[in-house]
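Asks: One-letter residues, chain by chain:
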Amino acid sequence: MTGSPYITQPRRETPRIMLLVLLALLPGIVAHWWLFGPGIWVSLLLCSLFAIGFESLALLMRNLPIGFYLRDNTALVTAWLLALSMPTLAPWWLYLVGVFFAIIVAKHLYGGMGQNLFNPAMVGFAVLILSFPVQMTQWPAPAALAAHVPSLTESFDLVFAGQGSLSIDAYTSATPLDSLKTQLRAGTAFDDIIGQAIFGHVGGTGGELVALMFLAGGLLLLALRLITWHIPVAFLGAMALTAGLIQLIEPGPQAGILFHWAAGGAMLGAFFIATDPVSAASTPRGKLIYAAGAGFLTVIIRVYGNLPDGVAFAILLMNIAAPLIDRYTQPRVFGHAGRKGKGSR
Amino acid sequence: MRKLYPFPGGVHPPEHKSESNGRPIAQAPLLPRYVVPLRQHIGNPAKPVVKVGDRVLKGQMIGQPDGYVSTAVHAPTSGRVVAVAPQPVPHPSGIADLAIAIEADGEDRAIEYQPLLDWRSMDPSTLRNRIRDLGLAGLGGAVFPSYIKLNPKAAARIPTLILNGAECEPWITCDDRLMRERPHDILRGIAVMQALLHAEEVLVGIEDNKPEAMAAMQAAAEHCGFPLEVVAVPTQYPAGGGKQLTYLLTGKETPSGALSTDIGVQVFNIGTAYSLYRAIEFGEPVISRVVTVTGHVAEPQNIEVRIGTPIADLIRLAGGELAGASGRLIGGPMMGFDLRDDAAPVTKSVNCVIVKNPILFPPPPPPMPCIRCGECARACPALLQPFELYWYAKARDFGKAQGYQLFDCIECGCCSYVCPSHIPLVDYFRYGKSEIWAREREMQAAEQARKRHEFHLFREEREKQEKADKLAAKAAERLKQGAAAPATADPEAERKKAILQAAIERAQKAKANIQPRNVDNVPPDVQHEIAEIEARRARLREAAHAQDEDKA
Ligand code: SF4
Ligand code: SF4
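As you go down the protein sequences, you meet chains A and B in turn.
Here the numbering used here is used: the first sequence runs in plain steps of one and ends on residue 345.
Here the numbering used here is used: the second sequence runs in plain steps of one and ends on residue 552.
Isolated chain A, as found in the complex:
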């Protein structure tokens, strides 16, 4: 017996929201396809299938209605975010392991949908990068620079049968973020590095367009009111601030703000990963603190750490802090003493 209200807002349902998130990822995916070849579809497909498989298995073991929960599409969102964070054309088992840690460990062992402390896709990613650093840094080279762009069938072959006739160097290269760090540490002059073809205009050839498309998808999420402005703005703002500060205090030239925004997973992280409501802080002020922390850590890890990108670990670190941040940023309740007005919403 349930009581009032007896009506619900039409057209706003969790499965639908997740579907819209997937749709908002499409521009970035298409840009990726355009620039790096069709391999991205293979990794998306594999991750999706693995995710559905693991999700069903977990639901079965937990004695929950499989059809009902699969319908919510959250497993797919996790799968896609993981696939988009991983190199395409990696061996199939790498996706399997990543999805296993995302769905089984990070999600269901924590109690299932809505209960996970960490962003599942980022847990999968973190496990992979720590366990399989070599495979995780072999990114396909941008089509414009590669000796050969694998076709869809070649992509399947690469993923399932290994390299085959193609030499790995023919289609992979280090990412701009990675090469910048390695070369800077090797003593190459900044301007020389930046002048290399892989760096494109601001964030690496191809990368910058993909980032732009993820930004567009993120703006769509904002327009549909599926996310609020707090997290992307604070995340990108803190990144800019930190990058700017580093430029000021570190001797010699450093990667600029635009580079940091356009490179790696910054846009994907700002709009799609850090905004995952389950693992993020949820109060308006809390979101600002949480995302600013993640943005700051991202740049710090990129510049001073040994990891290829900082987004995943920055978000995971802030995930730990999110419950605490929420506790200390509870908004003033109507009729209670404190700041007047509508509160920062």
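It is worth saying that the hints were derived from the structure and are not from the lab.
Don't take each hint at face value.
Only some residues are given here: those of chain A computed to face chain B with a beta carbon under 7 Å [to be verified]:
no. : residue
1   : G3
2   : S4
3   : V278
For glycine and all other residues, C-beta sits at the position ideal for the given N, C-alpha and C.
Dock chain B with the ligands against the given chain A, drawing on the hints supplied.
Replies: For chain B with the ligands alone, coordinates are given in the frame of chain A:
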């Protein structure tokens, strides 16, 4: 234009006003039977003053106010009392409650009403008591006894009187129709409120989806003789919530746990003003009200019916349910409740009956897990974090839920309405509140048990004391006999003796059936000591007594 202060949160559910607001208010014919519950208002239920078989007249008081927070109920027509017993009432619990059933005799003869036309020259407290005896209570749904709310002495000053004509719940249009059709009468009622509260400004808040009502009220306000402003407020649920409307119109937040009068504002419903008008103008008690009957019925409309009209009859008056009806709601879809038994009658709080069908009111989709999306928090007019409350209420961690201010939840339903996972959040909050209340009652019971135990100890102590008094008396008796009263001029000794005497007399007056047991065997010096102690005690008692008298 008056500056408005938008309240936080809120939602825009489909309005569904046009179904019922197009027709004029219909008058219900006399029905053969009425059922008048004794609990129609907040506070103590009225005490029945008739018994089965009694003949009653229309307007006769059949239940009298019981205590301060209470008000009267009256016979809606003339006839015979056929039952004073628990009967179905419109309440979410569906539990029967004490009600008086009256069989109409068809004559509809009324008692002699005494209009209060000279109310301006009446003593305010007499006037308020008359209002209480005429059964006035808030007709907006909260049904708080009006006479209490009209007493400015409870608060220091009430400069602002707000009339709530927002009618923000979907489907409901009874206040809309009243304002369109009877604006002058409503204003006459408001005039009484304004005078009793000495209000300096009177604001009528009406949602801007009711332009006809706005126009009618504005036209009437031009010659009402006191400063009154009709204010259009944006259509946004829950603009008609007391705290929300107050904030919207004045920018003042009602502090948590306080009343609007604490910030100098009193809020009444439009329907209450109208019934106050009838009370003043005709001396008529609250025996009728306007009810919206809408939804899946043949002729959705507003009907003026007598209190006590069985809801089944009310629905029939609106042309009856259409095929495929799937239940009935009392009140609006956001805060109303399912009616279990349509034999339950219209009471003062019933402003709307909605007949459901599965298309207008589909069964709630199965809830999914909370994804902490925060939609509920953005919709909450109380600025709460409903998903946190839900989390703790579900985990039965009510202390935490209270820490997240569960009791500031006004149960408006906005959070459940927007939740993309269809979680029945408000159900959890109602459950949480009732659990906390239950626990508090348990704690009070434990406290009472403790007090009883302490009283028991106290009584034992008192009995011991009484015994000691008697011992002292005995001892003193002996002293008197033995010492043969040597005349001493010592005033101090004299005083002691007098006190001793007083103690003796008091002891003698005390119940004499407890026999002193061991005194007789005590040596005289010990006896003397006892007497001395007694005397000292008596002195203290005397002093305390004197002090009490000083105070009195
Ligand atoms: S709206 Fe529903 S799903 Fe979203 S945070 Fe609130 S309770 Fe959770
Ligand atoms: S029902 Fe309570 S928690 Fe939900 S929106 Fe209304 S006030 Fe907020």
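Asks: The structure should be examined with respect to each hint, and the outcome stated for every one.
Replies: Hints versus structure:
no., hint, in the structure
1, G3, "5 Å, holds"
2, S4, "5 Å, holds"
3, V278, "5 Å, holds"
In this structure, every one of the numbered hints holds.
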